[in-house]
Structures are given as structure tokens and as C-alpha cells.
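Enquirer: Listed in order, the protein sequences are those of chains F and Y. 318 is the number that the numbering used here gives the last residue of the first sequence; the numbers go up by one with no jumps. 549 is the number that the numbering used here gives the last residue of the second sequence; the numbers go up by one with no jumps.
It cannot be assumed that every hint is accurate.
Stated by the list, open to error - Quick look at which bits of chain F chain Y covers, simulated, 3 or more residues with Cβ under 8 Å:
1. 155-165
2. 197-206
Claimed, not checked - Pairs of lysine to any residue, SDA-like flavour, derived with a Cα cap of 25 Å:
3. F:K41 / Y:Y381
4. Y:K376 / Y:N324
5. Y:K130 / F:A53
6. Y:K477 / Y:S311
7. Y:K34 / F:K220
8. Y:K104 / Y:K130
9. Y:K375 / Y:V390
10. Y:K130 / F:D77
11. Y:K255 / F:A45
12. Y:K280 / F:T20
13. F:K220 / F:L124
14. Y:K204 / F:F291
15. F:K70 / F:T20
16. F:K54 / Y:K195
17. F:K54 / Y:L157
18. F:K54 / Y:K365
19. Y:K255 / F:L185
20. F:K54 / Y:D203
21. Y:K306 / Y:F393
22. Y:K430 / F:P161
23. Y:K314 / Y:Y381
24. Y:K204 / F:Q71
25. Y:K286 / F:F291
26. Y:K365 / Y:N324
27. Y:K80 / Y:W445
28. Y:K80 / Y:G241
29. Y:K286 / F:T163
Don't read these hints as lab results, they were simulated from the structure. For every residue, glycine included, the Cβ atom is placed at its ideal position computed from N, Cα and C.
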Amino acid sequence: MVLFRYIMRRMVLAIATIFTLATLTFFLTRIAPGDPFTKTKEIPAETMANLRAKYGLDQHIMVQYGIQMKQIFFHFDFGTSFRTIGRDVNTIIEEQFPVSAKLGVFAVALGTIIGMGLGIIAALYRNSVIDRFAMLLCVLGLALPGFLFSYLFQYFIAVVPVTQFNMNPDTWVPAVGWGTWKHYLLPGISLSLGVVATITRMTRSQMVDVQFSDYVKTAKAKGVSTARLVVVHELRNAILPILTILGPLLVGTMMGALITENIFGIPGLGRVILNAVVNSDYNVIMGVTIFEGAFLVLIILATDILYGIIDPRIRVSA
Amino acid sequence: MRSGILIKSMLTGAFILSSLSQAAGAGLSQEQRKKAGEIYLNMGDEPPSMDPTKQADSLSGMWLGHLYEGLMTPDKSGKKYIPGTAESMHVSADNKTYTFKIRKNAKWHDGKPVTAQDFEYAFRRLVDPKFASEYSFIAVTAQIVGAEEIIQGKKPLTELGARALDTHTFEVKLKNAVPFFPSLMAFSVFFPVRKDIVEKFGDKFATNSDSIIGNGPFKLTKWVHEASMRAEKSSTYWNAGDVKINAIEAPVLLKDPGAAYSQFATGGLDMTGLDRDRLKIAQQDKRSIGNYQDGSVFWLEMNQRKSALFSNIKMRQALRFALNRSELVNKVLAVPGTKPAFGLVPEYMPGGKPGSTFRKESSIKWKDNDSTTAKKFISEYLAETKQTKVPAFTILGDDGTNGKMQAEYLQSFLKKVFDTEIKIDLVPFKTRLQRMRDGQFDIVWAGWGPDYLDSMTFMDLFMSNNENNHGEFKDAKFDKMIVAAQQEADAAKRIQLLVAAEKYLIDEQSAVVPYYQRARAYVSSEGLQGFLRLQVGADPNFRYASWKK
Numbered sequence: 001m002v003l004f005r006y007i008m009r010r011m012v013l014a015i016a017t018i019f020t021l022a023t024l025t026f027f028l029t030r031i032a033p034g035d036p037f038t039k040t041k042e043i044p045a046e047t048m049a050n051l052r053a054k055y056g057l058d059q060h061i062m063v064q065y066g067i068q069m070k071q072i073f074f075h076f077d078f079g080t081s082f083r084t085i086g087r088d089v090n091t092i093i094e095e096q097f098p099v100s101a102k103l104g105v106f107a108v109a110l111g112t113i114i115g116m117g118l119g120i121i122a123a124l125y126r127n128s129v130i131d132r133f134a135m136l137l138c139v140l141g142l143a144l145p146g147f148l149f150s151y152l153f154q155y156f157i158a159v160v161p162v163t164q165f166n167m168n169p170d171t172w173v174p175a176v177g178w179g180t181w182k183h184y185l186l187p188g189i190s191l192s193l194g195v196v197a198t199i200t201r202m203t204r205s206q207m208v209d210v211q212f213s214d215y216v217k218t219a220k221a222k223g224v225s226t227a228r229l230v231v232v233h234e235l236r237n238a239i240l241p242i243l244t245i246l247g248p249l250l251v252g253t254m255m256g257a258l259i260t261e262n263i264f265g266i267p268g269l270g271r272v273i274l275n276a277v278v279n280s281d282y283n284v285i286m287g288v289t290i291f292e293g294a295f296l297v298l299i300i301l302a303t304d305i306l307y308g309i310i311d312p313r314i315r316v317s318a
Numbered sequence: 001m002r003s004g005i006l007i008k009s010m011l012t013g014a015f016i017l018s019s020l021s022q023a024a025g026a027g028l029s030q031e032q033r034k035k036a037g038e039i040y041l042n043m044g045d046e047p048p049s050m051d052p053t054k055q056a057d058s059l060s061g062m063w064l065g066h067l068y069e070g071l072m073t074p075d076k077s078g079k080k081y082i083p084g085t086a087e088s089m090h091v092s093a094d095n096k097t098y099t100f101k102i103r104k105n106a107k108w109h110d111g112k113p114v115t116a117q118d119f120e121y122a123f124r125r126l127v128d129p130k131f132a133s134e135y136s137f138i139a140v141t142a143q144i145v146g147a148e149e150i151i152q153g154k155k156p157l158t159e160l161g162a163r164a165l166d167t168h169t170f171e172v173k174l175k176n177a178v179p180f181f182p183s184l185m186a187f188s189v190f191f192p193v194r195k196d197i198v199e200k201f202g203d204k205f206a207t208n209s210d211s212i213i214g215n216g217p218f219k220l221t222k223w224v225h226e227a228s229m230r231a232e233k234s235s236t237y238w239n240a241g242d243v244k245i246n247a248i249e250a251p252v253l254l255k256d257p258g259a260a261y262s263q264f265a266t267g268g269l270d271m272t273g274l275d276r277d278r279l280k281i282a283q284q285d286k287r288s289i290g291n292y293q294d295g296s297v298f299w300l301e302m303n304q305r306k307s308a309l310f311s312n313i314k315m316r317q318a319l320r321f322a323l324n325r326s327e328l329v330n331k332v333l334a335v336p337g338t339k340p341a342f343g344l345v346p347e348y349m350p351g352g353k354p355g356s357t358f359r360k361e362s363s364i365k366w367k368d369n370d371s372t373t374a375k376k377f378i379s380e381y382l383a384e385t386k387q388t389k390v391p392a393f394t395i396l397g398d399d400g401t402n403g404k405m406q407a408e409y410l411q412s413f414l415k416k417v418f419d420t421e422i423k424i425d426l427v428p429f430k431t432r433l434q435r436m437r438d439g440q441f442d443i444v445w446a447g448w449g450p451d452y453l454d455s456m457t458f459m460d461l462f463m464s465n466n467e468n469n470h471g472e473f474k475d476a477k478f479d480k481m482i483v484a485a486q487q488e489a490d491a492a493k494r495i496q497l498l499v500a501a502e503k504y505l506i507d508e509q510s511a512v513v514p515y516y517q518r519a520r521a522y523v524s525s526e527g528l529q530g531f532l533r534l535q536v537g538a539d540p541n542f543r544y545a546s547w548k549k
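Based on the provided sequences and hints, a complete structural model is requested.
Expert: Now the structure itself:
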């Protein structure tokens, strides 16, 4: 019963969050100067009136708000794009989101594996050269934006070998594009660096904490081998906090990929949202923002619920 | 046992990876493309509208110009228009009635014949207020009988003076003679449209390759949204034997000029545009670089609303004389082919006499970078308004490509001449447009790309009631001059009127300060020839292109 009430409460909060997000997004897009039909070439007044009537933009803003909220929350329909005429926002998300998701999952998986490895090594050899090096990498990974690496990788890994060293462009890592596994490499690695930085630091500090706990001391005293100690005793406990940040980290990486997507010509949601913002494409801005927001809220909700099930203390305090 | 599972899953992983790479191949190499007669180019972005009657941007215009063909079409030089889907064009003695005979062998991509009814349907769709095409005004510019009233909802669609007389005869009646009318018939909003296809797909018409049926030399065979597009030569095109290219493909849509150049340099593209930085790299790389005037003219628009600083003509004249256009063109913009502008109308616009140009018939000319004259006007302004110093003013710009650099250059330049504080207001693109609309600016760097091949596309911008006249220059004399030109039937006389109107607008009123005519640079693969770079219509155009054998 306590668990049920806890879950219900979290879900109501989640829906309220999404609703607030939708409302804020709606009014912020309308407050911003210009509308979808504000273009370099002004549209003649009569045509403008016809266009605004056609898309319902001539109605009072509260009426527009009511209609859109009803469409979104009762019919899960975000309407059609103003820029790419005739394309439904739902279709755009359906077609473009998987691309961003695949790239995001790849980058986060890669970053997590490398980050955990580095973190463990850094913790085991604390204050050694390796540790210092790993921490330097972390600082760089967090301080420098991912798209900077995208540009560097694209030029030095994809372009230079072909133009300077006669590598065959058909078999070498492609500079841009999407479709084959090779296309994941450069954007995936450049996006993973931020993940590596976060995961390495977390793994290292968790491992260091665990190393001084009583059960590890006991295990050591019992003569457990180092490998078994690290994998079974230490990592198992250190890994939990890392698992909880993976969800938000995935969403963050996906959303933060917009410039990287542009650089590599990847047909994900990143370029869609960039175009939508520049062109005041109201419905696309709404759709993508709410979708990504809801995705994040759901992941956090799932994490919370799982935590609630695992750890009864959280249920009570919430 | 455990290691067995590990090996199995690794094998499965490897299999999935390899099948992925087969599913979407990397495309053809440059050598293979030459052999197959294919062209890969960077189109930058997803085309906003592939519905010809709705098209309002150059990206969609490029594709549509290959997928469809209008009554008229550009010739091999790109400078003249010849019958396309029409086999002949007959003009009445008063130049107000055009009769087109549609080719008997003109076919849609699904094999059905192109009829006069397809044109009638498209023309009516353009002016339909419910359809609300952004370019419906072009039917008014073309002076098609009834167009204006229909757009305003005052007359039914059937009143439009564009009719199918029979299956192969299409007639257009005009209110006044419009000398450039034939060139308009090559513009995408006047392309034929299939009623049955529009009705079959409804709102989803022209949103994917299945819902696009054209009548042009190429047909759309692939459209992966936000990713890639491909058009292949159509065997149903009436002149398919003359088309040398078998496919035009945008294998990836790259907005970033650096990424596009990388793709070009690694052999993945046959053509892509160059920005200022990439132009330098391409020159170092010894690429085959081309440039062309893209048609746009840039100018400084000044706010001339009451009590605005530049509502004073002396200030406007000072600005016109002050500018150093050759420095801007050669040092700041630095794209070969870009030229200083001393008029509103660019140099490629035709004149009134055959073979002549508008600019040749105009006598406007003043000394570039003439700070002496500029300062003379400034001191006159100061004396007139009893001030000792020019009030501070603001340059409005946007934060897009080069926006900051250009605004800063202009700021430091004008500071020397006007000797006052000059601020820069860099805002997002739409904010800039909204501020121009609301008159919240002193000077804004603006420009215009032509909609059709006639000087009128520039000249009517500064009429009192034109929505694009953001500075609100309102002058009854100028309005009258333009209306007179719109009603003039004689082509040579008409241009004379426009030349006089431009002289009045620029020389006497300094209503707008011309700055430069833009050129763009691009790289193309060795051996790609015969393509057109055009100021109006589909650009680039590959209808006549081929690979050198």
C-alpha cells in the first residue's frame, strides 16, 4: 500500500512536470519575436491573413493554447510542421528520434565501458601517474564541448588520411553520413568523451569509498584474490549510483548531440530542433521539447520507482 | 560453456554490424559516378515544400525544377526561356493574351499525358485563398486577370483568366502587357499539378517520393527525410534523349560548410558551396572553384519613419556617398565575383532593348568611398538641425553566418565618417525581421533575391504599400512612376520608366543605399560540365549537364 501510494504520487508529479513544461514552451515560443511566417521576404497581407487563418494562428492565444493542449494530452498529436509542410510532428519524432537514440546509446555504452575501466584503474592506483592522467582526461572531457572533438576527429581521422595519405575513402572511416556501423564511430566517440569523464570520476570516487569499508577489509583478511575483490565485492556496490545516472546521462547526451549531428549530417532530432528554433516552427518545438522532456521524466520516474522497491527507506521519506 | 556463449554473442554482434553496413552502402565512388552518369551534391537541408504551388524557398526550388517542367524552361545558356512542356507560345497583338500549345508527347512520370487542365488546376490552386500559397502574389505580378480579386476572396476561382481551351491548349489573359511573362512560366508555382494525385494524398501530397508525380526530366526515387534524396532520369520525359545525367543525388544533407567540404575532399560529393574560410582552403587544395552571382543585391535599409535619424535626406545621402564598396567586396566579403552595387537592379537584369541590360541603360553613377561629399552632407544636416554632433545610431544585424563580422566592419567604418557613437544590435534572425517590421532600427543590412528575371522584382519593393519596405520610405511620385511602368505595354519604354524611377529613388532620394551584388563560390568535380548556376529558378540546374568522357 505504501509502495502503491508512492508510485501514484511520483506519477502525478511526472504528469504535472510535463504539463508545466508544455505550458512554458507554448508561451515562450509565442513570446519570442516573429512567427513561422516571418520570413526574409514578407508575405503580402492578404496571403498572410489566409495563411494564419488556415493554421489557426488568427485565434486568441488562449484558444490556441487550449486546442494544442487538448490535442497533445488527449490525442497525443503534436500537429504538423510549419517549415517542412505536410510532415506531422509525430512522424518527424518517429523517424528521427531512433537515429538520435541509437547514436546516444552507442556513445553512452562506449563511454560507460571506458569510463568504468579507467575509474577502476585510477582507484586501484590512486595518486599514480595513471590516476593523474585519467583525471586530466576527465577535466578535458567535461570542459571541452563534444562538437569540438567532432570537428577535430572529422578532419584528422576521416579527411587527412584520405587527402594526404591516399587512404581509399570507400573503405576508410567516412567523414559524414549515416547508415553503416562505420558512421557511428566518429560522432559516437566524440559524444562519448563527456560520458567517459562523468563515469570515470564517479567510478573512481565510489571505488575509493568502498575500498575502506569493513566488508572489503574482511574479504581481504579472508584472502580473496584482487580480481575477485574488485569485481565481486567492490564493483558490485560501487556500480549502483552509476546505474542511476545512466538514464539522465543518456537523455543529456542525445539532446546535447545537436551540433555533432549537424557536423556529421546525421538525420537525428538535433538538426530538427535547430531548424525548428530558427524558423519558429511552433509545433515542432513543442513536440520535440515535450517528447524529450517526457522521456527524461519517465526515466527518472522509473529510476525512482525501482529505487523505492529496492530501498524501503526512500519510500517512507518521500 | 560460458566462453561458448561469449563467442556466440560476439559472432552475432559481428553479423549484425556487417549486415548493417550492407543494408545502406556507402554509395558510388567518384569514378563509378562518372561511369554511371550520376551526380552527388550537397543540398544542405531537408526541402521545406516539394509541392510546386507552395514552394517558397530555393532548396525546394532546386529539386522541383528538375522534377517538373513548366510551359517554358531555361535554355542551355540559362539566360533565355524556351518552350518546355508547351511546344509553342502565341502572343496576341496587344500582348495581353498568351496561348500555349501543350506537347502531345509531354507525359507525367506515371505515363499519363500532360494536359492543359493540369495547368488550369495548378494556376487556380495558386490563387486559392484557402490554399494560401506564399507566392500567390506572383499571379498578381503576372497581372493574370482576376488573380488579385480571387486572392482577396472577392471572386470565385473560375473567374481566373487562365483556362484550358481543350486538352492541349492553355490560354492566359493579362490585365496589362507583361514583357517578362514567358519567364514566369518557368517558375515552379506555375508548374502543372495533377488533381487526382493531390486529391489522393490530401495533406500528405508531396511529402515523400510516392506522393510526387512530376513531368520533368527527373523523377524522385528516394527521399529519406532529413537524410538523403535521389532523383533519376525519367524515361517518360518528352526530351529524355537530350538528358545526359542519369541521377542526381544528395547522399547526405550537410548544413555545415566545413563538413560538406570534408565530404567533397574525400570524394563523396561532386559539388558543394564554399564559405569564406573554405574558399581559402579550396584554393590551397587547388580545387576547381567556380563562382556565380546568385542574384541577390544587398543594401542598407534606413528607418525613415517620422523623427527617425535617417528620415532626413541629408543623412541618407551622406551614408550613400560614405560607403566604401570596393573595400567591402574585396577585403571583407572576399568572394570572387561579388561586385559593388550602384543601383537597386543587378547587372544581369535585361534592359529594354534586345541584348541590352538595365544597368547599361541607366546613368546612375557616383564615386565610391567619397567621404568628402559625405561629410559635406553631414555638415548640412548639422546646420539644418542646429546640432554640433550627429546623434548616436544603431546598426541592426542578426547572429547568423558573417553577421557579426559584417556589422563590426560597418560600425568601425561609419564611425570614421559620421564621428559619433555607433552601436551594433545583433539579434536572432527572426527577431531582426520582427524589428525591421516594427521599425525598431536605424540602419539594417538587408537584401533581396529576385523572384523573376525582370527589374520589377527589385523596383516595386520600395512602393509605399509594399510589406518589404521596412524603412517606410513613402513617396507618391515614386509610386506613380512604378504604376506607370506596370501599365506600359512597350517593353523599351517600360524599362526607360523603371530606369528613371530607380534614378529618382537612389540619386535624388537615397531611399535605400545599394551596397553589393553577391556572388557565391563553389567547388565541383573535374569533368562535370554543362550545369547552370542561375539567379532565378532551379539552381544549380543539371538539365543540360554531363560528365566529360
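Enquirer: So, for every hint listed, does it hold in this structure?
Expert: For each hint, the structure was consulted:
Against chain Y, the region 155-165 of chain F contributes 5 residues with a C-beta closer than 8 Å to a partner C-beta. That satisfies the three-residue criterion, and the hint holds. For the region 197-206 of chain F, the stated coverage by chain Y is not satisfied: 0 residues place a CB nearer than 8 Å to a CB of that chain, which falls below the threshold of 3. Taking the CA atoms of K41 of chain F and Y381 of chain Y, the gap is about 33 Å. The hint is violated against a cut of 25 Å. Between K376 of chain Y and N324 of chain Y the alpha-carbon distance is near 17 Å, which keeps this suggested pair within the 25 Å criterion.
For a cut-off of 25 Å, the pair hint linking K130 of chain Y to A53 of chain F stands: about 9 Å separates their Cα positions. Using a Cα cut-off of 25 Å, the hinted pair K477 of chain Y and S311 of chain Y holds, with the two alpha carbons roughly 17 Å apart. Between K34 of chain Y and K220 of chain F the CA atoms are separated by roughly 69 Å; this puts the pair beyond 25 Å, and the hint is violated. At roughly 33 Å between alpha-carbon atoms, K104 of chain Y and K130 of chain Y are farther apart than 25 Å, so this suggested pair is violated.
This hinted pair checks out: K375 of chain Y and V390 of chain Y have alpha carbons roughly 11 Å apart, not beyond 25 Å. Taking the CA atoms of K130 of chain Y and D77 of chain F, the gap is near 23 Å; set against the 25 Å cutoff, the hint holds. Restraint check: the Cα-Cα separation between K255 of chain Y and A45 of chain F comes to about 32 Å, which exceeds 25 Å; the hinted pair is violated. Using a Cα cut-off of 25 Å, the hinted pair K280 of chain Y and T20 of chain F is violated, with the two alpha carbons roughly 49 Å apart.
Of the pairs offered as hints, the one joining K220 of chain F and L124 of chain F holds, with about 14 Å between alpha carbons and a cut-off of 25 Å not exceeded. A threshold of 25 Å between alpha carbons decides the hint, and for K204 of chain Y with F291 of chain F the separation of about 23 Å falls inside it, so the pair holds. Pair hint K70 of chain F plus T20 of chain F holds up; C-alpha atoms about 14 Å apart against a cutoff of 25 Å. Note on K54 of chain F and K195 of chain Y: the hinted pairing holds, with a Cα-Cα distance of about 21 Å set against a maximum of 25 Å.
With a C-alpha separation of about 18 Å, the suggested pairing of K54 of chain F with L157 of chain Y holds against the 25 Å cut-off. Between K54 of chain F and K365 of chain Y the CA atoms are separated by roughly 47 Å; this puts the pair beyond 25 Å, and the hint is violated. Taking the CA atoms of K255 of chain Y and L185 of chain F, the gap is about 20 Å. The hint holds against a cut of 25 Å. This hinted pair checks out: K54 of chain F and D203 of chain Y have alpha carbons roughly 13 Å apart, not beyond 25 Å.
For the suggested pair K306 of chain Y and F393 of chain Y, the alpha carbons sit about 15 Å apart, so the restraint of at most 25 Å is met. A hinted pair counts as satisfied when its Cα atoms are at most 25 Å apart, and K430 of chain Y with P161 of chain F does not qualify at roughly 41 Å. The straight-line distance between the Cα atoms of K314 of chain Y and Y381 of chain Y is roughly 6 Å, inside the 25 Å bound, and the hint therefore holds. For the given pair, K204 of chain Y sits about 19 Å from Q71 of chain F by alpha-carbon distance, which is consistent with the 25 Å threshold.
Proximity of K286 of chain Y to F291 of chain F is assessed by CA-CA distance (about 47 Å); at most 25 Å being required, the pair is judged violated. Of the supplied pair hints, the one linking K365 of chain Y and N324 of chain Y holds, its CA atoms being roughly 14 Å apart against a limit of 25 Å. Note on K80 of chain Y and W445 of chain Y: the hinted pairing is violated, with a Cα-Cα distance of about 32 Å set against a maximum of 25 Å. Our distance criterion of 25 Å between C-alpha atoms is met by K80 of chain Y and G241 of chain Y, whose separation comes to about 21 Å.
A distance of roughly 12 Å separates the Cα atoms of K286 of chain Y and T163 of chain F; the hinted pair therefore holds under the 25 Å criterion.
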